[in-house]
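Here is what each chain is made of, one letter per residue.
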Amino acid sequence: MSTDTKERAVHAPQFIRGDELQIPTYKVLKQDGTTYKGATLPDLDKDTALRIYRAMVRTRVLDERMLAAQRQGRLSFYMQSTGEEATTVGFAAALDDEDMIMAQYREQGALVYRGFTLDEFMNQLFSNELDYGKGRQMPIHYGSAKLHYMTISSPLATQIPQATGYAYGQKLAGDKKCTVAVFGEGAASEGDFHAALNMASVLKTPTIFLCRNNGYAISTPASEQFAGDGIAPRALGYGMHTIRVDGNDILAVYSAMTEARCIAVEQNEPVLVEAMSYRLAAHSSSDDPSGYRSKKEEEKWRNKDPLLRMKHWLQAKNWWSDDEDAALFEADRREVLATMKEAEKRPAPVIEEMITDVYDTPPAHLKEQLEGLKAHVRLYPEAYPATSGRMNNG
Amino acid sequence: MAKMNLLQAINNALDIAMAENEKVVCFGEDVGVFGGVFRATSHLQEKYGRARCFNTPLVEQGIIGFANGLASQGSVPVAEIQFADYIFPAFDQIVNESAKFRYRSGNLFDVGGLTIRTPYGGGIAGGHYHSQSPEAYFAQTPGLKVVVPRNPHQAKGLLLASIRDANPVIFFEPKRIYRASVGDVPEGDYELPLGKAEVVKEGSDITLLAWGAQMEYLEKAAELAEKEGISCELIDLRTILPWDRETVAASVRKTGRLLISHEAPLTGGFAGEIAATIQEHCFLHLESPIARVAGLDTPYPLALEKEYLPDHLKIYEAIKRSVNF
Ligand SMILES: Cc1ncc(C[n+]2csc(CCOP(=O)(O)OP(=O)(O)O)c2C)c(N)n1
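So the protein lines, in turn, are chains W and H.
If you're matching positions, the first sequence starts at 1 in my numbering and goes up one per residue.
If you're matching positions, the second sequence starts at 1 in my numbering and goes up one per residue.
Isolated chain H, as found in the complex (with noise of 0.2 Å):
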C-alpha cells in the first residue's frame, strides 16, 4: 500500500496501463511535457515518449474525434478534455459517434477502447465554466458508460477498469478533491468492477446515495444524523451508466427511505431517473417521498457557490424532513 491522493492514483494507473499494453495511447490539452493542468499525467511522456504521451491542438471535437479513429483502428486512447465544461465542442463526435459506432455497423466498427477523462465539479471558486457536472447529458446516451470515483483507491481501480473494459468510458474525476483526498492505494494492478455500486457503510433507518465528491457530504451528513439517532447507509453508485439498480433496491427495501444528492442542476438530473426506477421497484417498502438535494436550476455561480453546492447541511436537513415524514 502506498499513501496517494487521488491525482497520484490516477497517474500511477495510467502508469501501469501504458507499461502493460503499449497500444494505449494519453493525449489532450496540456497533457504532455507539462503533465496536465492538474499534472494527471506527468512524467508519462519522459517514460512513455512522445508518440504515446503528446499535447493536441487545441479543439475538443478534434481531440475526441481522432480517439473515435484511433480506437476504431485498434488502439487505446485515453483522451483527456481539460475541464467537463469543455466537453461541448465534442458532443457530437461522443454522443453521435463513440456511443453508436458499434451498434451502427453491427458491430463490424467499435471505438470500445475509447475512454474519456475529464475533471468536473465545483467547490473550487471556478464559477460557471470551470465547475458542471455534465454526466446526466451523458447518462441519457445509450452506448457509454459514466464513471465517476470519490477517492484515490476507487480512481485506481475504476480508472484500470475503464481503460480495459470494451466499451467507450466517460471518466469524470471529482477535481475539488484531487489533492484534498489522500487514502490507502495497493501498488501494483487491480481494478474495481463497472457498474457495480458500493455500500460504502450499512444502516438501517435511509439510505443515502451519491457519487465522486458528494460523497464526502454524505458522510458529513450521516454524522450530523448518527449523532440524533439516524442510522445511514451509505452507497456511493460509482457508475452512473450502465447503473446498478440492484444494490440500492435490496438498500432500500431494507430502510424504507432513500435520498440522493448530485451538483448537477435539480432538473433533468440524475437522481431523477434513479428516484423514478426505486419507486417502481420499492414502492410498497417506501416510508417517505425519495428526497432528491441537488445544485439549483441556475447555471453554476461563483460568488454564492457556498449557497449553490448541495452540501452537508442541506443533506442533514433532507435526512430529517425524510425520516419525519
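Pulled out of the complex, with its shape left as it was, chain W reads as follows (with noise of 0.2 Å):
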C-alpha cells in the first residue's frame, strides 16, 4: 500500500509470517500419461503436441551427444537441459512465435521448437566462422533475431530486468506481444531478479518471469538458496500475478503460459510463472554432482521424466507408438552427428572479426591494433593457426 491508500487497522502487535499460504502447484498430466480427475486440460490439438515432443526429444538427443562430444574432446564445453525439457519446450510452446524470449542457458528446448537448426546449433557451439555470434562466446550461447530470442549472456540474471524494459517497448509500440524471462531458482536471489518485477509491476509491462526451480544452482541446494515457499510467492510482494506448476507437466506447464500470455497481452500485465523441476544432468561439462547430491535422489526424478510421461499421453491418445518413437530417436542421432561432423571442419573467424561489433563501425585505435597483431601473426604463423593462413593483406 501507499500512504494513500487505505489502510485496514488493528490495535495489537500482529506480525504475519505467510506461513498459511503455500502455493498450491498445478498438476494436470500424471507419469503414466493419464490425466488427474477434474484437471483443466489444455487445449492441444495433435499437430501443436507432436510438434512439441519432436522439440523434446530432439533437445534430449543433442543433450546426449553433445555432452559425449565434450566427453571427446571435440567441444570445450555444454549445459544439457535433461529433465526440464517440458519446460523449456512447453513454455515456448504456449507463445506467439514472435514474443520474445530472453532465456538463462538451459533453454535449448525453446529454440529446437522455434525451428532454430542443428546446423545454427552446432556452428555456435563449435565457433566457427558461420556462428551468428562470430565465435565470441562459450557453447551453448546462442541467439537468433529471426527467432526472437536474445543471444545468451553469462552474468546471471541480467536478462530479467532487460525483459522487463524490452516489454515496455512492445506496449509502447502496441505490438500485442509479451518478453518472457526464463531463469534459474538461483539466478532469482540476484538484485536483478527483484528490480525487474518491481518494475514490472509498476510500470505494467507485459513480461513474463518464467522460474526454472530445478533445486540446484551449481552445487548449492534449493533450501540454502532461499528460505520462504519458493520464488512464485515473492511476486505477491510485488503486486502481481503469479502460479506454481510442475515443470515435468507439459500439459500443465502449456496451460498455465498460454493463461498467463493472456494477462500480459490482453491486461499488460506481468506474470510470474515458477515451474518446479530437477537439473537431472550435472550443472555443466565441467561439474560433477556426486560431491554434493546422491544417485538415490537422481533416480527418484528420473522416474518423473517429463519426455516419457507426454509420450505416455501421445499414445494414450493413439497420437504417436513406440515404433514412430525408435524412429524419431534415430534419425535425430544420425542428423546430429552428420551436422556436428561438418561444423567442426568450419574454419574459425577471420582475424579481421576480431574489432568488428565493438561499436557499430571500428575507430581508428583498433584497426591500428589490428595490424599490428597481423603483422606479428605473419612473423610467427604457426603459433596462430587458427587464423594465420587465412588473413587478407589489407
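Note that these hints are calculated values from the structure, not bench results.
Hints are not guaranteed to be accurate.
Said to hold, decoys possible - Which chain W residues face chain H? A few, computed with CB under 8 Å, are given here:
1) Pro155
2) Gly191
3) Gly291
4) Ser294
5) Ile355
We put the beta carbon where it would ideally sit given N, CA and C, even for glycine.
With the hints as a guide, dock the two chains, each given alone in a separate frame, to form the complex.
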C-alpha cells in the first residue's frame, strides 16, 4: 500500500509470517500418461502436441550427443537441459512465435521448438565462422534475431530487468506481443530479479517471468538459496500474478503459460510462473554432482521423466507409437552426428572479426591494433593456426 | 616444504587463517560442502563448521554487502566471488562502501578485515565472461588494496598477509595456472609483504614487469631474449594498489628500458599508470619508450583467444623493438 491508500487498522502488534500461504502446484498429467480427475486440460491439438514432443526428443538427443562430444574433446564446454524439457519446450509452445524470449542458458528446448536448425546449433557450439556470434562466446550462448531469441549472456539475471524494458517497448509500440524472461531459482537471488519484478509491476509491462526451479544452482541446493516458499510467492510482494506448476508436466506448463500470456498481452500485466523440476544432469560439462547430491535423489527424479510422461499421454490418445518413437530418436541421432561433423570442419572466424561489433564501426585505434596483430601473426604463423592461413593483406 | 599447486596453497592459507583466528569466516557461491567450483575452499566446512564456511545465495552485491557489515562488526570475512567477471554486481559495495568505510567515518568504523578472493584472467577457453582481468577498475579506488600472486608460494604468503591486513583487499587469483603452477611451499605460517614488488631475476638491458599469470609469459620471453644476448630483469609487481614505485624505478634506472604486460585491454590498463609514473621519475635514464604489451581494446574473445592474449612471442617482439629503438 502507499500512504494514500485506505489502511486496515488493528490495535495489537500482529506479525504475519505467511506460513499458511503455501502456493499450490498446478498438475495435469500423471507419469503414466493419464490426467488428474477434474484437471483443467489445455486445448492442445495433435499437430502442436507432436511439434512439442519432437522438439523435446531432439533437445534430449542433442544434449546426449553434445555432452559425449565434449567428453571426446571435440567441444570445449556443454550444458544439458535433461529433465527440464517439458518446461523449456512447453513454455515456447504456448507463446506466439514472435514473442521475445530472454533466456538464461539451459533453454535450448525453446530454440529447437522455434526451428533453430541443428546446423545453427553446431556452428555456435564449434565457434566456427558461421556462428552468428562470431565465435566470441562459450558454447551454448545461442541467439537468433529471426526467432526472437535474445543472445545468451553468462552474467546471471541480467536479462530479467531487460525483459521488463523490452516488454515496455512492445506495449508502447502496440505490438500485442510479450517478453518472457527465463531464469533459474539461483539467479532469482540476484538483485536484478527483484528490480525487474518491481519495475514490471509498477510500469505494467507484458512480461512473463518464468523461473525454472530445478533444485540446484551448481552445488547449492534450493534449501540454501532461499528460506521461504520458493520463488512464486515473491510476486505477491510486488503486486503481481503468480502461479506454480509441475515443470515436468507438459500439459500444466502449456496451460499455465497460455493463461499467463493472456494476462500479459490482454491486460498488460506481468506474471510470474515457477516451474518445479530437477536438473538431472550435471550443472555443466565442468561439474561433477557426486560431490553434493545422491544417486538416489537423482533416481527419484529420473522416474518423473517429462519425455516419457508426454509419450505415454500421446500414446493414450493414439497419436504416437513405439515404432515412431524409436525412429524419431534414431533419425535425430544420425542428423546430430552428421551436422556436427560438418560444423567442426568449418574454420574459426577470420582475424579481421576481432575488432568488429565492439562499436558500430571500428574506431581508428582498433584498426591500428588489428594491423599490429596481423603483422605479428605473419611473423609466427605456426603459433596462431586458427587465423594465420586466412588473413587478407589489408 | 611441500609440493602444492596454486589452489592447494590458497586452501592451505585459508586453513591456517581459520585455525589461528576464529573470527575468520569464508563464504560465497558453492564454497560450502562443494568447496567452491575450483575447490579452493575444500574441506573447510568439514573442519570449521557451517557457521564459518558456507554457501551464500547467488547474489554478489549481497555477498559483499554482507561481508562489509560483518567486517565492520569486527569479524574477518574472506568472501569469494566465483569469477572476477561476476564481481560487477558488487561494484557499488566495493567501490563506494568497502573502500570508503574508514574515510567517511573518520576512522570510527572500518572494514579492514575484509578480503575478497576471486579467480581472474584468460587462457581457459572461457570467452568474455570467464576471462576478464578487471584489476584496473579497482586500482582507481583509494582505500582498496589489490593483490595478484604468480605461484603457489606467493599465493599462500600474500593471501595470509591480505587476510591479516587492516585494509580491505581484493585478491585476484590467476585461474589459468590454478593447477598448472606447482612448487615448493613452506607448510607453516608465513606472510609476504603487501605493497612490495619482487625482483624475480636480475638483468641489465631491460626491465620486464607484470603480475599473476603473465609472469610465466615474461619468463619465456626473457629466455628467448637471452638467446639473442639481451639481459632481462624480471619484476613481479604482486600488489597493484598501492604499488611499489621504488623497486620498479630502481630497476629502470639500471636497465634504461621498461616493458609492462597485462591481459586486460591496453586503454586504461594499469600499465598506463606505471608508464606515466616511471617516465616522471626516470626520464633521463630511459633509452627507449616504455613498452606496453596488453590485450586488444575489445572484449575478450573465445575462438581467437590465442590471437588476443599478450603471449611470450608478443612480449619477445616488444623486447627487441625496445632494445633496437
Ligand atoms: C552474476 C553471476 N554470478 C555467478 C555466475 C556463475 N554461475 C553460473 S551458473 C550458476 C548457477 C545458476 O543456477 P540457477 O540460476 O539455479 O540455474 P540452473 O543452472 O540450475 O539452471 C552460477 C553460480 C554467473 N554466471 N553469473
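Hints, verified against the model:
A cut of 8 Å between beta carbons decides the hint on proline 155(W): the least distance to chain H is about 6 Å, and the hint holds. A hinted interface residue such as glycine 191(W) counts as satisfied when its beta carbon comes closer than 8 Å to some beta carbon of chain H; here the least separation is about 5 Å, so the hint holds. About 6 Å separates the beta-carbon of glycine 291(W) from the nearest beta-carbon of chain H, less than 8 Å, and the hint is met. Interface hint status for serine 294(W): violated, as the beta-carbon distance to the closest one in chain H is roughly 12 Å, over 8 Å.
Of the supplied interface hints, the one on isoleucine 355(W) holds, with its beta-carbon coming within about 6 Å of a beta-carbon of chain H, less than 8 Å.
In summary, the structure is inconsistent with hint 4 from the numbered list given earlier, while agreeing with all the others.
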